[in-house]
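Listed here are the chains, written in short residue letters.
Protein chains: 2
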Amino acid sequence: MRNENLLKTALIQQRYQGSKEATVTHTTEKIAEAAEGGADLVILQELHQSEYFCQCEETRFFDYAADFEKDVEFWGRVAAEHRVVLVTSLFEERAPGLYHNTAVVFDSDGSVAGKYRKMHIPDDPGFYEKFYFTPGDPGFEPIDTSVGRLGVLVCWDQWYPEAARIMTLKGAEVLIYPTAIGWLECPTDRRDELCEKENTAEERQKMLEAWIAVQRGHAVANGVPVLTVNRVGLERDPSGQLGGIRFWGRSFAFGPQGETLAMAGEEEAILRVDLDRKATAEVRKIWPFLRDRRIDAYEELLRRYCRS
Amino acid sequence: MRNENLLKTALIQQRYQGSKEATVTHTTEKIAEAAEGGADLVILQELHQSEYFCQCEETRFFDYAADFEKDVEFWGRVAAEHRVVLVTSLFEERAPGLYHNTAVVFDSDGSVAGKYRKMHIPDDPGFYEKFYFTPGDPGFEPIDTSVGRLGVLVCWDQWYPEAARIMTLKGAEVLIYPTAIGWLECPTDRRDELCEKENTAEERQKMLEAWIAVQRGHAVANGVPVLTVNRVGLERDPSGQLGGIRFWGRSFAFGPQGETLAMAGEEEAILRVDLDRKATAEVRKIWPFLRDRRIDAYEELLRRYCRS
Numbered sequence: 000m001r002n003e004n005l006l007k008t009a010l011i012q013q014r015y016q017g018s019k020e021a022t023v024t025h026t027t028e029k030i031a032e033a034a035e036g037g038a039d040l041v042i043l044q045e046l047h048q049s050e051y052f053c054q055c056e057e058t059r060f061f062d063y064a065a066d067f068e069k070d071v072e073f074w075g076r077v078a079a080e081h082r083v084v085l086v087t088s089l090f091e092e093r094a095p096g097l098y099h100n101t102a103v104v105f106d107s108d109g110s111v112a113g114k115y116r117k118m119h120i121p122d123d124p125g126f127y128e129k130f131y132f133t134p135g136d137p138g139f140e141p142i143d144t145s146v147g148r149l150g151v152l153v154c155w156d157q158w159y160p161e162a163a164r165i166m167t168l169k170g171a172e173v174l175i176y177p178t179a180i181g182w183l184e185c186p187t188d189r190r191d192e193l194c195e196k197e198n199t200a201e202e203r204q205k206m207l208e209a210w211i212a213v214q215r216g217h218a219v220a221n222g223v224p225v226l227t228v229n230r231v232g233l234e235r236d237p238s239g240q241l242g243g244i245r246f247w248g249r250s251f252a253f254g255p256q257g258e259t260l261a262m263a264g265e266e267e268a269i270l271r272v273d274l275d276r277k278a279t280a281e282v283r284k285i286w287p288f289l290r291d292r293r294i295d296a297y298e299e300l301l302r303r304y305c306r307s
Numbered sequence: 000m001r002n003e004n005l006l007k008t009a010l011i012q013q014r015y016q017g018s019k020e021a022t023v024t025h026t027t028e029k030i031a032e033a034a035e036g037g038a039d040l041v042i043l044q045e046l047h048q049s050e051y052f053c054q055c056e057e058t059r060f061f062d063y064a065a066d067f068e069k070d071v072e073f074w075g076r077v078a079a080e081h082r083v084v085l086v087t088s089l090f091e092e093r094a095p096g097l098y099h100n101t102a103v104v105f106d107s108d109g110s111v112a113g114k115y116r117k118m119h120i121p122d123d124p125g126f127y128e129k130f131y132f133t134p135g136d137p138g139f140e141p142i143d144t145s146v147g148r149l150g151v152l153v154c155w156d157q158w159y160p161e162a163a164r165i166m167t168l169k170g171a172e173v174l175i176y177p178t179a180i181g182w183l184e185c186p187t188d189r190r191d192e193l194c195e196k197e198n199t200a201e202e203r204q205k206m207l208e209a210w211i212a213v214q215r216g217h218a219v220a221n222g223v224p225v226l227t228v229n230r231v232g233l234e235r236d237p238s239g240q241l242g243g244i245r246f247w248g249r250s251f252a253f254g255p256q257g258e259t260l261a262m263a264g265e266e267e268a269i270l271r272v273d274l275d276r277k278a279t280a281e282v283r284k285i286w287p288f289l290r291d292r293r294i295d296a297y298e299e300l301l302r303r304y305c306r307s
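Quick note, the sequences are listed as chains A and B, same order.
Going by numbering that gives the first Met the number 0, the first sequence opens with residue 0, and the numbers climb by one from there.
Going by numbering that gives the first Met the number 0, the second sequence opens with residue 0, and the numbers climb by one from there.
What the hints contain is simulated information worked out from the structure, not anything from laboratory work.
One thing to keep in mind: the hints can contain errors.
Calculated pairs, EDC-like style, for lysine to aspartate or glutamate (alpha carbon to alpha carbon, straight line, at most 20 Å) [claimed, not checked]:
{"id": "1", "chain 1": "B", "residue 1": "129", "chain 2": "A", "residue 2": "295"}
{"id": "2", "chain 1": "B", "residue 1": "284", "chain 2": "A", "residue 2": "122"}
{"id": "3", "chain 1": "A", "residue 1": "205", "chain 2": "B", "residue 2": "275"}
{"id": "4", "chain 1": "B", "residue 1": "169", "chain 2": "A", "residue 2": "295"}
{"id": "5", "chain 1": "A", "residue 1": "205", "chain 2": "B", "residue 2": "143"}
Here the structure is a predicted model, which means the values were calculated and not measured.
Next up, chain A with everything else stripped away, as it sits in the complex (with noise of 0.2 Å):
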């Protein structure tokens, strides 16, 4: 018997399988299962049909855009055959030399809820998102689906506390980040200086923390759950410049209280989470954090910089 007052979601934490196929297989092989186990709200990571090329900037790979109908097609029938909601994460091709990194949010139905265009742009060693990615235009906006009100984000959203709160004063139950971040190798033939830094145990401990402490806060400071799926495994630079990037996993559930609910380690997973659709009302009573903002003295959150 179905309980009204959970929200039964399972988070997919998977490896990069070799090819777009492959991984595509494995992928609807995990949401079947977790369909099975009862989940009505089924996350996917970031670029998760393919290896994460943006470790290099190659023209080639604007062609994985070109299929982005196709992908919304295929995708809309396995959340309709599963009966479950559905949060992707595809490369749109909007025109030719615009391309987004696009959250396609599917109804249970297999009917597109809503697109998400990622709005924050990394573009840092390794993660040369600025080469392929504008920067979504509608903005920070909800998804309505049968499951409720979804704040979806992507990744480098997940360092920003403005797209979480705007999120949250839309409405936004829940903050859903498809994720694909970790550690940078060592190539194999040369060990340069930042890269040692990069990878000693510490600094790799830091990077994971501040990560999940970042978005632990925006669960806190909003009164809402977060659920983040990030990849695993370790993928070399298709280019062969750089090392590759060791994916960390760690996908996790917090509540709005910020209280840990799940985390994943570094291997596959299904992270399966129910959320209490009460917990945000009830925490709110008690930390009602959204009471006292002071809007009227906000308005410098919307300058680059104070000083300058």
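Fit chain B to the given chain A structure using the hints.
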């Protein structure tokens, strides 16, 4: 020899000593001890001169604010005597019937470097601050001192990413939160339902962790260190209506990547923290969140809520 790359700080976490006179004496001894230990910046907890009187609404406590000018003179002398930059938290009478919860910052020559009037004011069982304090009106302005530009905020402000961000955009080199937070105690003669619920070990742990998590998030999101000083000890409700507050201490310091630098326990402590002045610049080079803010899409942050 002074290391110009280090900012040597001390956070004084203390217990109310039963009277203003005894408490102030106790605090000045701790400041002397901190200064002898080499601290250049000393931070005191919220409303450190008195008991946390906001447990009840009684007009007699407004008398505490009448000495604001004298208090400012006194702490200026203490700062000068020990040659430290000193962050205090005082009850300010600005005009009859107009009071603020005000952090006054003294430079090491005893002069007033600046003051900050608490912007976000709570009002919850045991924390009836809206009765006493008018929300601050100068906004979020960092205070320049001889040890750097300090982003001083107070207690309830710590739950608001907006405050931390604006201080950062104005060049704050460190965020500082004098605080008074703890668990409500059940009255000794009755145990009502809310009280029982709040007092389970699990609920207490959740609250404590939420408090730490949201501030750690500010450190990460802004690439700035965060220093928070909380009081300790059980203080009974002066009106006898509530059971009192057990202030949970746990004063802490996070570095600009959210890394834990120090954390106190539940007893009195002088928490010494050496901040690496170069750390913020270094971490922001590789985690450049300020680079990618979507200031074109943040206008809804100025709204109370974005639905009806």
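Evaluated hints:
1. 129(B) with 295(A): holds (17 Å)
2. 284(B) with 122(A): Cα-Cα ~12 Å, so holds.
3. 205(A) with 275(B): At roughly 16 Å apart (the allowed maximum being 20 Å), residue 275(B) and residue 205(A) satisfy the hint.
4. 169(B) with 295(A): Roughly 17 Å between the alpha carbons, so the hint for residue 169(B) and residue 295(A) holds.
5. 205(A) with 143(B): With a Cα-Cα distance of about 30 Å, the restraint between residue 205(A) and residue 143(B) is violated, given a limit of 20 Å.
Violated hint for the displayed structure: number 5, the only one.
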